Amino acid sequence: MAGAAQRRSRLPEKVFRALCLVAVILPLLVLTVLLVDVVIDASGRLSWSFLTSYPSRHAARAGILPGLVGSLMLIGLTALLALPLGVGAALYLEEYGRQGRLSGLIEINISNLAGVPSVLYGLLGLGFFVRTLMLGRSVLAGACTLALLVLPIVIMASREALRTVPAGLREACYALGSTRWQAISRVVLPMAFPGILTGAILAVSRALGETAPLVVVGALTYVAFLPSGLDSPFTALPIQIFSWVSRPQKAFVENAAAGIVVLIVTMLLINAAAVLLRSRLQRRT
Amino acid sequence: MSTTTLTIRNEVATYPGGTKAEGVAPKVRVQALRAWFGKQQALQGITLDVPPTAVTAVIGPSGCGKSTFIRCLNRMHELVPGARVQGEVLLEGDPIYDAAVDPVLLRRRVGMVFQKPNPFPTMSVRENVLAGLRLTGRLVPQHADLVVERALCNAALWEEVKDRLDAPGAALSGGQQQRLCIARALAVEPEVLLMDEPCSALDPVATARIEDLIHVLKSVYTIVIVTHNMQQAARVSDHTAFFLSGELVEHDRTDRIFTSPGDSRTEDYITGKFG
Amino acid sequence: MRLTTTESGAIRFGRRAGPRWEAAIEGALLLCGLVSVATTAGIILLLAVETLAFFREVSLPAFFGDTQWTPLFAEKHFGIWPLLSGTVLTSAIALLVAFPFGLGAAVYLSELASQRVRALLKPALEVLAGVPTIVYGYFALVFVTPVLQRVVPGLAGFNSLGPGIVMGIMIIPFVSSLSEDALFAVPPSLREGAYALGAAPLSTILRVVLPSASSGIAAAALLAVSRAVGETMIVSIAAGQQPRLTFDPRVPVETMTAYIVQISMGDVPTGTLEYRTLYVVGTALFVLTYVMNLASRRLRSRFQELT
Chain A
-3 MAGAAQRRSR
7 LPEKVFRALC
17 LVAVILPLLV
27 LTVLLVDVVI
37 DASGRLSWSF
47 LTSYPSRHAA
57 RAGILPGLVG
67 SLMLIGLTAL
77 LALPLGVGAA
87 LYLEEYGRQG
97 RLSGLIEINI
107 SNLAGVPSVL
117 YGLLGLGFFV
127 RTLMLGRSVL
137 AGACTLALLV
147 LPIVIMASRE
157 ALRTVPAGLR
167 EACYALGSTR
177 WQAISRVVLP
187 MAFPGILTGA
197 ILAVSRALGE
207 TAPLVVVGAL
217 TYVAFLPSGL
227 DSPFTALPIQ
237 IFSWVSRPQK
247 AFVENAAAGI
257 VVLIVTMLLI
267 NAAAVLLRSR
277 LQRRT
Chain B
660 MSTTTLTIRN
670 EVATYPGGTK
680 AEGVAPKVRV
690 QALRAWFGKQ
700 QALQGITLDV
710 PPTAVTAVIG
720 PSGCGKSTFI
730 RCLNRMHELV
740 PGARVQGEVL
750 LEGDPIYDAA
760 VDPVLLRRRV
770 GMVFQKPNPF
780 PTMSVRENVL
790 AGLRLTGRLV
800 PQHADLVVER
810 ALCNAALWEE
820 VKDRLDAPGA
830 ALSGGQQQRL
840 CIARALAVEP
850 EVLLMDEPCS
860 ALDPVATARI
870 EDLIHVLKSV
880 YTIVIVTHNM
890 QQAARVSDHT
900 AFFLSGELVE
910 HDRTDRIFTS
920 PGDSRTEDYI
930 TGKFG
Chain C
65 MRLTTTESGA
75 IRFGRRAGPR
85 WEAAIEGALL
95 LCGLVSVATT
105 AGIILLLAVE
115 TLAFFREVSL
125 PAFFGDTQWT
135 PLFAEKHFGI
145 WPLLSGTVLT
155 SAIALLVAFP
165 FGLGAAVYLS
175 ELASQRVRAL
185 LKPALEVLAG
195 VPTIVYGYFA
205 LVFVTPVLQR
215 VVPGLAGFNS
225 LGPGIVMGIM
235 IIPFVSSLSE
245 DALFAVPPSL
255 REGAYALGAA
265 PLSTILRVVL
275 PSASSGIAAA
285 ALLAVSRAVG
295 ETMIVSIAAG
305 QQPRLTFDPR
315 VPVETMTAYI
325 VQISMGDVPT
335 GTLEYRTLYV
345 VGTALFVLTY
355 VMNLASRRLR
365 SRFQELT
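Protein chains in written order, with this note's numbering: chain A, -3 to 281; chain B, 660 to 934; chain C, 65 to 371.
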């Protein structure tokens, strides 16, 4: 073949391909190193007593119980607040207000809010929930703040879920004489439920790991009691970790690592439970 | 590093007609070509010769395998995931499906123009014409202006864009964009030019200009043109191949196919009974 | 279920069905939607009120002209530049890390990898964005900085290099995901055109695909930087609390976000000028991230129009 004498060097392509592969693999490798390092640092401290004790000035005796309980209370409340609001907003946008001017306004706001730094939600929470509504530095104020933070996540996931319900189903309901809300509450929502649940899990996961807004709202870093009610001061897992990692003594750093392990395990458990629940639900529909 | 000299082809001459005598060695010889998309067989065993410096039209109803066929001639078919080819295609006697053949180098000898004009949007007219040479590392900067002028002249576009060479390629009209793509393909100096329904996205005026262009180009290049427009095939080509359901039904000189086709299926298609 | 007749005469199923009930539901749902509008309004209002109160006591030239930030010291300076430089320095380092890796990953996933590899690696990369930032902060302080100290002479325990690099790793999925979308949106006809000219895949990617996707990629980079600018915990833990106008990545600095955390954890009485610095810095942060997000969206919509 006349062109066979020209041999094209394949080397640049191979090098390029290898570089791109490195670009994908290297960060994942670093992440693995990170996690392994945390687990190693934590191995000395992780124990049942760690999970069930209170923080202490003596690193060896410090535990994460208030943080764990506080976090669970927080995310429970956050879910309770964010889910109805988020699903309601998604319903309005998808079912009632399509193309309306109000819908446009809401949509712009949601996409703006998704890009606002989380610490600014903390400032909002501080100024509005803690001071103006006089909720004080309480679990409720923290949960309200986190709920606003994760609201865009819930809304976006719920909208996706609602969109998967075929339009024909709604029309079938109307043809049978149902009202819009009946169609929604009896047919659309149940069908969209798995997707909505996914959104809820994403939101809860996010809320669990958030530190900055809680710091600003006034979560305490040294708490020797469990939150007594909605209006009591509180702490959370990430806050506890933050306070430990800020101390110079190596022993506290180990506590921080152990706290991180507890945090990650909790996140994984919640995600796993949700995935299980969702697959159960999907099998039924 | 080997130097590549750029051969500038002479101004293409016009002369009427131009069916080459039979008996000339074919430019492209296809033997028992089969092609698949995954499990779906698209070509059933095509054998035909493409004569040099002439226009061969490939006609047939939608889905008959025309596009698949010409994409096998420049090894673009295999870019589709799951695509497969069997059989032989010889370019001037060299098998292009040989294991040692680099498809990238092959495509520098067999150029292609697509149905929808696809000039590179981030490049100017000038840069588009030079794109083939630049992308393959064969651009000699001193020759650049000459290459641009030659290619645009050969594509009958020079007069219209000579003052606008730095305008974005996508700013031209549809017909101009297609001629730009032809210029781009010609700048690489291929031996064979494959055209996949080049006029189907264009208006009749633009179509006519491109058909005139093909008349001129065929004295230098071997052209294979896929068209669903039979009148176009009759106007433009010297030879015609009729495909049906992945099979080559008939291949003959255009004047013979359109006046006295050998196969009844060809006759039915040409007279509009189907397709 | 009872059949009722509504005012319009239509027959409806259900106990409380009726246009008034439906309207009430719609109203309630609208209110849910308006919560997001209220949130935005609340943030803006709060920041504005407190910032205006701040500027009644501190002049604009003092804010924009001073190169020191010492609101808690006896001699008070209110120049925003030290905090701004801390933010810019850490975010720039983050982008320097995230952009090549993110773009390389995007090219690999969208142009070079097979379907199976892509299905495996793409979600894996997304995990990077899902790790709580406090974990990254720990990593930056406890692992990355000591490692870097062996390589970089004069690297302090608190610096902007370590957290910058770790933030870069965190925002890689932002760059790679959006860049991948941009690459995917480049029409296949462009790639085909290049191949038909005899271009090799590498030339095609570098000279045809990437330039065509450039505004989408720029949008990705902007969004990633905006995320880095707003990041709080990594820099609070590892970058330090010393506001310093510098471009030296080896020394402690303080970012705008870290300052907000520092004041919140301290015992500055509310209503004072020092307390209001919280909101002024918050406003600066808000404006900065908003402008970047807006620019990113504009670039993305312009890109979508082109392809």
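Calculated directly from the structure, the hints in this document are not laboratory data.
Bear in mind the structure is a predicted one, so any value in this text is a computation, not a measurement.
We put the beta carbon where it would ideally sit given N, CA and C, even for glycine.
Careful: at least some of the hints might be erroneous.
Unchecked claim - Short, incomplete list of chain C residues facing chain B, as computed with Cβ under 7 Å:
id: 1; residue: G143
id: 2; residue: P210
id: 3; residue: G257
id: 4; residue: L261
id: 5; residue: S267
id: 6; residue: L274
id: 7; residue: P275
What the hints assert, rightly or not - Derived DSS-like pairs (lysine-lysine); straight-line CA-CA distance at most 30 Å:
id: 8; chain 1: B; residue 1: K698; chain 2: B; residue 2: K821
id: 9; chain 1: A; residue 1: K10; chain 2: C; residue 2: K140
id: 10; chain 1: B; residue 1: K821; chain 2: B; residue 2: K775
id: 11; chain 1: B; residue 1: K932; chain 2: B; residue 2: K775
id: 12; chain 1: B; residue 1: K698; chain 2: C; residue 2: K186
Please flag the earlier hints that this structure goes against, numbers listed from lowest up.
1, 2, 6, 8, 9
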